[in-house]
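*Asks:* Let's have the full structure, built from the sequences with the hints guiding it.
Chain order of the listed sequences is C and Z. Counting in the working numbering, the first sequence runs from 16 upward without gaps. Counting in the working numbering, the second sequence runs from 746 upward without gaps.
No wet-lab data here; the hints were simulated from the structure. Keep in mind it's a predicted model, so treat the numbers as computed, not measured. Idealized CB from N, CA, C, for every residue including glycine. Not one of these hints is a red herring.
Pairwise CB distance ranges (calculated):
1) C:111 <-> Z:1010: 20 to 30 Å
2) Z:775 <-> C:16: 35 to 45 Å
3) C:229 <-> Z:1126: 47 to 57 Å
4) Z:981 <-> C:84: 15 to 25 Å
5) Z:879 <-> C:202: 47 to 57 Å
6) Z:1162 <-> C:303: 20 to 30 Å
7) C:61 <-> Z:751: 34 to 44 Å
8) Z:1149 <-> C:61: 48 to 58 Å
9) Z:981 <-> C:269: 33 to 43 Å
10) Z:1108 <-> C:64: 49 to 59 Å
11) C:214 <-> Z:1146: 41 to 51 Å
12) Z:1084 <-> C:87: 41 to 51 Å
13) Z:773 <-> C:281: 52 to 62 Å
14) Z:773 <-> C:180: 34 to 44 Å
Calculated Cβ distances over 10 Å to all of chain C for the following chain Z residues:
15) 749
16) 781
17) 815
18) 828
19) 834
20) 850
21) 903
22) 915
Facing chain Z, according to a computed beta carbon distance under 7 Å, are these residues of chain C, among others:
23) 48
24) 49
25) 65
26) 66
27) 70
28) 74
29) 76
30) 101
31) 104
32) 139
33) 323
34) 324
35) 325
36) 328
37) 329
38) 330
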Amino acid sequence: MTRMTMVEAIRSAIDVSMARDDEVVVFGEDVGYFGGVFRCTQGLQQTYGRTRCFDVPINESGIVGVAIGMAAYGLKPCVEIQFADYMYPAYDQITQEAARLRYRSNGQFTCPITIRMPTGGGIFGGQTHSQSPEALFTHVCGLQVVVPSNPYDAKGLLIASIENPDPVIFLEPKRLYNGPFDGHHDRPVTSWAGHLLGEVPSDHYTVPLGKAVVRRPGSAVTVLAYGTMVHVAEAAAQEAGIDAEVVDLRTLLPLDLETIVASVQKTSRCMVVHEATLTSGFGAELVTLVQEHCFYHLEAPVVRVAGWDTPYPHAQEWDYFPGPARVGQALREMMEA
Amino acid sequence: MTDGHNADLAHEPLAPLSLHVPEPEVRPGGKPDFSAVAIPEAGSVRRPPVDENPEAMRDLAFSIIRVLNREGDAVGPWAGALSADDLMQGLRHMMLLRTFDQRMLMAQRQGKTSFYMQHLGEEAVACAFRKALLPGDMNFPTYRQAGLLIAGGYPMVDMMNQIFSNDADPLKGRQLPVMYSARDHGFFSISGNLATQYVQAVGWAMASAIKRDTKIAAAWIGDGSTAENDFHAALVFASTYRAPVILNIVNNQWAISTFQGIARGGSGTFAARGLGFGLPSLRVDGNDYLAVHAVANWAAERARRNIGPTLVEYVTYRVGAHSTSDDPSAYRPKEESEAWPLGDPVIRLKNHLIRIGAWSDERHVQMEAEIRDTVVAAQKEAEAHGTLHSGGRPSMRDMFEGVYETMPAHLKRQRQQAGV
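*Replies:* Below you can see the structure in the form of structure tokens.
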């Protein structure tokens, strides 16, 4: 085991995958010589050469379109969109091409590509460096959507994504890159050093797609979360003194319904927390599934805590971000219901 | 017999292919080398009439229009449009912008704002371009054209209020620092993603033509972002509808860590991108205030006379980091900016003004001090309103407002839930 930040764990996952499989190629804006603006690909070009890890023109639809073409040839591209907020020009290639290639060609052509992108706020990035667009991907048939919350999962999930035969959208909560973050922005930053999930095997392993995990066992209420909000939910439960069970979904599509249902049937209460805007967010899907599968076990309406339905603001970042105060308040209200 | 494939090659062994990945000439630790950048003599590039057939001026996409020579004289057919007073004002604008940058960079380091982007080395481009516009014209800028605001007399304190996200921020704290918007000053709202504004500028210009107006638009983009689809969309729309727009490309050599060869590919120059669309495409020395202004004026005249769009590539160099989040020493030699063959725009204009007897080192030093006082006074005024983490800040209500003209019920509910 080696102590790794999430950046290092992601880099290690790509490194391990490139070493094991010559078909894995890596490219994106600034990912080659420089190693990416968040340094997730640092050193890979030096190790594997310029034809396996390289810089590209600033063109996101080009990045994904080229990756699809390479996949059609037989490569396994793992590409980076510099910020998830920059992915919109690639949306046509992702939704109508990558996601449907297997289906429409009846398997003649497939698309084993991984599209990594930093998501979420908490870094004063304003509206074009803070978004959480996961619901725009979970709504697309043919995609898989992964959101790790820690270095151990990030590495295992990324290797599993690269090895997966179909396209994976790999969303990296950028506020977690260098340390866990529970939403207490006014406290000193913490690092992954000393965190159990910052201990990462240096060689190959996978965390399977489609498997959630209970981060914090509890009996009073189930909190469904992913990415940064896992840490926020844990802190909120702790501070509110509520025996909440926090489920880290890890993969949004395919979704581990079994773990969700088992937890909600046990606790009889459910809250969904996500950083993305509320309306038509992934929380709506989760609430519906819980309602369909756990209705007769529920003792209170299922509740969502999410980003407000506004563009991500700059100055009001901490008013916008669903932090432990908001989540804790919602937990208390739910227990009184 | 073959199955319909190329029978001539069917029995020949073929050599394996290899992928070409461009690399800059030099990386950190190496000696800066711009010998591949061909710099024509100042005054050597011809000045065609604005209504010349674009097919006849394709050569201008592969040269560099320059006015100021090494001695500081303004020479050739593009010289002579500006008076000494105009030039002194231009020098002042560039120095204001440079000082503004220095102060705001320091403010960012002091934690007074989250982020900043400077213009060091590129001051002439926007400052000189602004002088070719008329009231009512509209720029669609990137994050590195604050010179348009400074040279246009936009209050510096309002720029700082935006950067500090304080309670006097004209954009209510909603936008990342330097993503200004100033409609009354011909400055379209900066988005923060890339290239989207380029085609919007064409649309604005088309609207002006539809309405038989006289206003023109200016689109702005960096070398790296010309790779985006919206750049090419802008060129085809501008070409098809002969929109009254100036399509500016600021080639400062670096897109964060990516050298310009990655976006340029095999086209030779960025200006040459316009040739396939039949656009007059000019390259100009972006560190030469007089050349930038002369070319901007030429392109603006084409737009105003309804002749059509012009593509202009400003050849310059990004001396500073991409932003306060960037460290260029990781990907290019530290000494590279000093080796840049087109020099410093402020020093070049200063030397020209001294050469023509309109300026002196003493007056320059005086103006530096006066500008410093001006910028410091503006900063004091802005900081009295507040900075990102202290003093007056935009309200939480401001966060909910302005999503729509009229706030819908669901947002009102959320605002209420937020307790404001």
